[in-house]
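Knowing the structure of chain A, use the given hints to seat chain B on it.
So the sequences go chain by chain: A and B.
Under the working numbering, the first residue of the first sequence is numbered 1, with each subsequent residue one higher.
Under the working numbering, the first residue of the second sequence is numbered 1, with each subsequent residue one higher.
Keep in mind that the hints were calculated from the coordinates and are not lab data.
A hint or two may mislead.
Any copy will do: because identical chains look the same in the list, a pair fits if it lies in one copy or spans two.
Said to hold, decoys possible - Straight-line distance between alpha carbons at most 20 Å, and here's what the computed SDA-like set of lysine to any residue pairs gives:
no., residue 1, residue 2
1, K78, M94
2, K78, L162
3, K161, R51
4, K161, A95
5, K7, G118
6, K7, D76
7, K7, I73
8, K77, A185
9, K57, S46
10, K25, P199
11, K7, S46
12, K163, D152
13, K7, V56
This one's a predicted model, so the numbers in the text were calculated from it and none came from an experiment.
There are 2 protein chains.
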Amino acid sequence: MQNYPSKLLEAAVNEFSRLPGVGRKTALRLVLHLLRQQPTDVDRFSNALIRLRNEVKFCEVCFNITDIAICAICNDKKRDRGLVMVVEDVRDVMAVENTSQYNGLYHILGGILNPMDGIGPEQLNIQGLVSRIEAGAVREVIMALSTTMEGDTTVFYLFRKLKPFDIVVTTIARGVAIGGELEYADEVTLGRSILNRTPYDNALAR
Amino acid sequence: MQNYPSKLLEAAVNEFSRLPGVGRKTALRLVLHLLRQQPTDVDRFSNALIRLRNEVKFCEVCFNITDIAICAICNDKKRDRGLVMVVEDVRDVMAVENTSQYNGLYHILGGILNPMDGIGPEQLNIQGLVSRIEAGAVREVIMALSTTMEGDTTVFYLFRKLKPFDIVVTTIARGVAIGGELEYADEVTLGRSILNRTPYDNALAR
Chain A
1 MQNYPSKLLE AAVNEFSRLP GVGRKTALRL VLHLLRQQPT DVDRFSNALI RLRNEVKFCE
61 VCFNITDIAI CAICNDKKRD RGLVMVVEDV RDVMAVENTS QYNGLYHILG GILNPMDGIG
121 PEQLNIQGLV SRIEAGAVRE VIMALSTTME GDTTVFYLFR KLKPFDIVVT TIARGVAIGG
181 ELEYADEVTL GRSILNRTPY DNALAR
Chain B
1 MQNYPSKLLE AAVNEFSRLP GVGRKTALRL VLHLLRQQPT DVDRFSNALI RLRNEVKFCE
61 VCFNITDIAI CAICNDKKRD RGLVMVVEDV RDVMAVENTS QYNGLYHILG GILNPMDGIG
121 PEQLNIQGLV SRIEAGAVRE VIMALSTTME GDTTVFYLFR KLKPFDIVVT TIARGVAIGG
181 ELEYADEVTL GRSILNRTPY DNALAR
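Bound conformation, chain A alone (with noise of 0.2 Å):
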């Protein structure tokens, strides 16, 4: 049991140690550097988090974290509507964006099925993915989502939740990375690469 000398401190690492992968000694030593910095920088920290959370929003098409209503993707006229990717969070838009790859859509789901955890499908922004495809326009969904059982079971879900409706259902390619030797790749992953080996033609077009 710790005796902190000051409830005020005492409370500032009790939250930062809410916060994943930081326990209680590094909220302590984070709580410290904040004291030590200026009055401003530690202002300026703070109304970081009261404007988040007072004034970020959700895109009402994608669920994207975005300033306005509709975010800068969904408002982009230059890119393909009919194409969709479904991905978890903001994270992984940032890594495709990063790509210079996609020029489609996103649609975020904010999680994955994790029963355990509780989170099922009303925890997710599942139903704003059908109804974007009700109001037809999209013509094909990209699967984008983690490997893990979790990630596979959601796919499968939004698999069948899709199928009365006439669109191409995709995944992104598995595969050996780039640059990465044939020994180092799991047994999983080389052969998924061998199932869904694809023409020389196409690859060299890449």
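For chain B alone, kept in the frame of chain A given last:
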């Protein structure tokens, strides 16, 4: 270069990534975690920071973090007021208090001398220590700083600074950890533990 879909998100990530040991990816993970919490949780987080920044005090005597003008330790009449342990920050106070082996007061320097980082004697609470000793009542100052080059330099600086006064200056014992095996102790520690050997009676009495 990351493209954040929201300026508010980016601002919060910037603040978190200024913390020591927190990179931009971790910062984004922490901010997304906060966004998934209840709004009241985010309020409590930012309020804890604001209150810490506005209301936390540094003890007028020992410079420990406190909610009142003079901290609970300095206020405790049962403690030995002739004994002052010099430490770097509040974490050291908490570590020593957890041993239940110390009944004196503390003096928190707020860091150690580190010219490379621009920390000279003026940046530390050294004048406050000298004033406490000038006021009398202190008979022994125990140095409990890190045994790094900076820590040793600070101890040496303080030792010279306190030389004019009629007090004893000691340092905490350095030696092989209790439960530690000789063969795994580093040479410097083992060498010091031989030089500073203690009479067997004395060791038993601890």
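Hints versus structure:
no., hint, verdict
1, K78 with M94, "within (18 Å within a copy, 59 Å between copies)"
2, K78 with L162, "neither (26 Å within a copy, 73 Å between copies)"
3, K161 with R51, "neither (37 Å within a copy, 49 Å between copies)"
4, K161 with A95, "neither (26 Å within a copy, 56 Å between copies)"
5, K7 with G118, "neither (33 Å within a copy, 31 Å between copies)"
6, K7 with D76, "between (49 Å within a copy, 18 Å between copies)"
7, K7 with I73, "between (45 Å within a copy, 14 Å between copies)"
8, K77 with A185, "neither (40 Å within a copy, 67 Å between copies)"
9, K57 with S46, "both (19 Å within a copy, 19 Å between copies)"
10, K25 with P199, "neither (54 Å within a copy, 36 Å between copies)"
11, K7 with S46, "both (18 Å within a copy, 16 Å between copies)"
12, K163 with D152, "within (16 Å within a copy, 71 Å between copies)"
13, K7 with V56, "between (31 Å within a copy, 9 Å between copies)"
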